[in-house]
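J.: Sequence:
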Amino acid sequence: MCGKTYKKVFDQSADILWAKVFLDTFIVVAYMVFGGKPEEGNLLICTVISWCILYAVLFANKKSRKQNVRIQEHCREMPLSVFFAGMGLIVAAQFVGGWLAEGLTVLKNSLGTRVYEDSGSIPEISFLGVLIMCVVIPVFEEILFRGIIMKKLGGEIGMCGGVFMSALLFGLCHLNIEQTLTAFMGGLVLGAVGWTYSVYPAILLHIFNNCYAVLSKVEKVNQSFLEVIFAGIAVLGIFISGIIFMRRKAEGVFQEEGESLKWRECFTSKRFVFLLIFLSALTLGNFLFP
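519 is the number that the numbering used here gives to position 11 of the sequence shown; each next residue is one higher, with no gaps.
Everything labelled a hint here was simulated from the structure, so no lab data went into it.
Take these hints with a grain of salt, some might be off.
As a list, the in silico DSS-like pairs of lysine-lysine whose alpha-carbon atoms are at most 25 angstroms apart [said to hold, decoys possible]:
no.: 1; residue 1: Lys528; residue 2: Lys516
no.: 2; residue 1: Lys515; residue 2: Lys528
no.: 3; residue 1: Lys778; residue 2: Lys515
no.: 4; residue 1: Lys778; residue 2: Lys516
no.: 5; residue 1: Lys778; residue 2: Lys528
Listed next, with one range per pair, are the computed distances between beta-carbon atoms [to be verified]:
no.: 6; residue 1: Ile561; residue 2: Phe775; range: 28 to 34 angstroms
no.: 7; residue 1: Gly663; residue 2: Leu790; range: 26 to 32 angstroms
no.: 8; residue 1: Ala568; residue 2: Gly750; range: 41 to 47 angstroms
no.: 9; residue 1: Ser724; residue 2: Ile746; range: 36 to 42 angstroms
no.: 10; residue 1: Ile746; residue 2: Gly793; range: 30 to 36 angstroms
no.: 11; residue 1: Ala538; residue 2: Ile746; range: 43 to 49 angstroms
no.: 12; residue 1: Ser732; residue 2: Phe542; range: 41 to 47 angstroms
no.: 13; residue 1: Phe635; residue 2: Ser732; range: 21 to 27 angstroms
no.: 14; residue 1: Ser732; residue 2: Ala568; range: 45 to 51 angstroms
no.: 15; residue 1: Ala564; residue 2: Val604; range: 32 to 38 angstroms
Ideal Cβ placement from N, Cα and C applies to all residues, glycine included.
The task is simple: from the sequences and hints, build the whole structure.
T.: Below, the structure is given as structure tokens:
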């Protein structure tokens, strides 16, 4: 496979995300210019509008649909045990990401920089807000990051490269250090599920993840009880994942198939590299200067 082919798929992936960044910025700025208030609910609606415009462009004609959408590839029935394992790993990613973010906060404070503050708890949330955050956005994000970008990249640089790079982009697009860490680790799980089975169970796991993330912020929910429940889900999921891994390893499923990891080819695309630098700079800036 020639370098130009690798560069092309990385360029295409970068162009899609650059378009999303531009749409988000343009719609929010236009909303503010016309007197809109920067309330969370209104910003969520702006985000949905941005997603709708992006997909309208991507699916504008038959050629673009065929080129971009690959959600039907690798469709296999997903065992219930694997789904439960995915639930546990997703929750574990939330816990680990939170701990890492806290560790970075302690390190930053020790250096005398400003204290990082998370978005905090949510006093109350509307049904529309729950619908957007827990259902609409997971569907949109999975179609883009696992159904389009991961399979576009994975088709050229292999499963591992596609899953890793899509998870990295997914994490960085959150522009928040804690969400970046949790989204990256969760993206690895969602990517493995999306590649091995299909995007559909990945969407369900993403919905589950966002429901947990929202519940963990709502003041009226007993957070101690919630943490115990989801910690149990995480431990059970990790235990099931270990059993599945050992069985698959014994069956030789993880043997090399002769396809090398070509993730380094991303550096052949200047647009892709600049996108990574841009998103990383924004994420770091939001952390250091909240």
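J.: If a hint holds in the structure, say so; if it does not, say that too.
T.: Hints, one by one, checked against the model:
1. As the CA atoms of Lys528 and Lys516 are separated by approximately 19 angstroms, the hinted pair is consistent with the 25 angstroms bound.
2. Proposed proximity of Lys515 and Lys528 is supported: the alpha carbons are some 20 angstroms apart, at most 25 angstroms.
3. Taking the CA atoms of Lys778 and Lys515, the gap is about 9 angstroms. The hint holds against a cut of 25 angstroms.
4. Between Lys778 and Lys516, the direct Cα distance comes to roughly 11 angstroms. Compliance with the 25 angstroms bound is thereby established for this hinted pair.
5. Straight-line distance between C-alpha atoms of Lys778 and Lys528 comes to about 18 angstroms, which keeps the hinted pair within the 25 angstroms bound.
6. A C-beta distance of roughly 30 angstroms is found between Ile561 and Phe775, which places it inside the suggested range of 28 to 34 angstroms.
7. Distance hint check: the CB atoms of Gly663 and Leu790 are about 29 angstroms apart, consistent with the given range 26 to 32 angstroms.
8. Judged by the Cβ atoms, the range 41 to 47 angstroms given for Ala568 and Gly750 holds: they are separated by roughly 45 angstroms.
9. Against the hinted window of 36 to 42 angstroms, the Cβ-Cβ separation of Ser724 and Ile746 comes to about 19 angstroms, which falls outside the hint.
10. In this structure the hint that Ile746 and Gly793 lie 30 to 36 angstroms apart at CB holds, the actual value being about 34 angstroms.
11. Checking the proposed 43 to 49 angstroms range against Ala538 and Ile746 shows it holds: the Cβ atoms sit about 45 angstroms from each other.
12. Restraint check, Ser732 to Phe542: a C-beta distance of roughly 44 angstroms satisfies the suggested window 41 to 47 angstroms.
13. Roughly 26 angstroms separates the CB atoms of Phe635 and Ser732, a value that falls within the hinted 21 to 27 angstroms.
14. The hinted range of 45 to 51 angstroms is satisfied by Ser732 and Ala568, whose Cβ atoms lie roughly 49 angstroms apart.
15. As the Cβ distance of Ala564 to Val604 is approximately 37 angstroms, the hint placing it in 32 to 38 angstroms holds.
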